[in-house]
Amino acid sequence: MIQPLSGIQNTVAALDAERTRLDVISENIANANTTHGLDGKPYQRKVVVFESALQQAIGAGGNASLTPQLRVARIDKDNRPPVQIYAPGNPEADERGMVSTPNINVHEEMADLINASRAFEANLAVVKNEKSMAMQTLSIGKH
Amino acid sequence: MIEGLFNQPSYLAAKKTLDAVAVRQEAIANNIANLETPGYKRVDLSPTFRHELDRACSSGDAQQIAALKPTLAQDTTAVANSRDGNSVNLESEMMQLNQNTMAHTLETQMVSSMLMRLKMAITGKSA
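In order, the protein sequences belong to chains V and S.
In terms of the numbering used here, the first sequence has 84 at position 84, counting the first letter as 1, and numbering is strictly consecutive.
In short: position in the second sequence from 1, add 143, done, that's the numbering used here.
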């Protein structure tokens, strides 16, 4: 039996995962200048790690391993060292006048942000198309 | 006896094509969902379906058409376009998504118009 909206669970999972990624990127950008985080150290860049999960319900295609579901495995810290800048006037500066700033490159974050929002938009377009197709299917037999 | 009304090969073929379009939509949705999954290989409607449908249609045997089942299969012709081995190309998927939506419109209208003609024949009234 072929169901309308059969592939939608995977699209929704992808939307969810991309949304998490967008949240993490915005957190990174917001904290690009946080030299004194909650643990007293400069903010460390966070990265989203994606993983595939096998879909529970097997769709019309039959083979679940062909169509894995995207999900967020964990949010990890980027272990690159903090960026040292010379700012002797800063209260956070050490005896040599160096301040440890977060290991965030705003340009890198912006590129990631664009990637994530494009992927989000693409999945949203799938949802829209899928909906209009389901509506057409439901109107079979009406004029 | 009523089954006889819905057993013309052309009606069955239109229905099967509609099923195939739905499976293809699932394939494209999955490809877009796994746009960033490392090592993911794009899936599509099984390429043998087209030949099977062709063969069944030219035989004109309603049973043979009704027994067809469109399935998903890995697209072995797609090449990985990045270092992580993922073979999904967003632009081509979006294009195929729109093509598939149009194909779906066509097929639903085909099935619909066949049913309408049947209704017209039964009632003797148009629309």
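Be careful, since some hints might not be right.
[Unchecked claim] With a straight-line cut-off of 27 Å between C-alpha atoms, the simulated DSS-like cross-links for lysine-lysine are:
#1 S:K184 x V:K131
#2 V:K41 x V:K77
#3 S:K262 x V:K142
#4 S:K262 x V:K128
#5 V:K142 x S:K184
#6 S:K158 x V:K142
#7 V:K77 x V:K128
#8 V:K142 x V:K128
#9 S:K158 x S:K212
#10 S:K184 x S:K262
#11 S:K268 x S:K158
#12 S:K268 x V:K128
#13 V:K131 x S:K212
#14 S:K212 x S:K184
#15 V:K131 x V:K142
#16 S:K158 x V:K131
It should be emphasised that the hints constitute simulated quantities derived from the structure, not laboratory data.
Does S:K262 pair with V:K128 here, judged by a C-alpha cut-off of 27 Å? 32 Å, violated
Problem set entry | Pair hint V:K41 and V:K77, alpha-carbon separation not exceeding 27 Å | 13 Å, holds
Pair hint outcome, S:K268 versus V:K128 [Cα-Cα no greater than 27 Å]: 36 Å, violated
27 Å Cα cutoff - pair S:K158, S:K212: Roughly 11 Å separates the two Cα atoms, so the pair holds.
| Pair hint outcome, S:K184 versus S:K262 [Cα-Cα no greater than 27 Å] | Given pair S:K184, S:K262 is violated - Cα atoms ~45 Å apart, limit 27 Å.
Within a Cα-Cα threshold of 27 Å, do V:K131 and V:K142 meet the stated pairing? Satisfied, since the Cα-Cα distance of roughly 18 Å is no more than 27 Å.
Item to complete: Assess, step by step, whether the Cα of S:K262 is no farther than 27 Å from the Cα of V:K142, and give holds or violated.
Response: 11 Å, holds
Please verify whether V:K77 and V:K128 have alpha carbons no more than 27 Å apart.
35 Å, violated
Please verify whether S:K158 and V:K131 have alpha carbons no more than 27 Å apart. 19 Å, holds
Compare the distance between the alpha carbons of V:K142 and V:K128 with 27 Å, and conclude whether the hinted pair is satisfied.
-> Holds - the C-alpha atoms of V:K128 and V:K142 are around 22 Å apart, at most 27 Å.
Query - Proposed proximity, S:K158 with S:K268 (alpha carbon, max 27 Å) - result: 25 Å, holds
*asked:* Please verify whether S:K158 and V:K142 have alpha carbons no more than 27 Å apart.
replied: Holds, at roughly 16 Å.
Hints 4, 5, 7, 10, 12, counting from the list given before, are not met by this structure.
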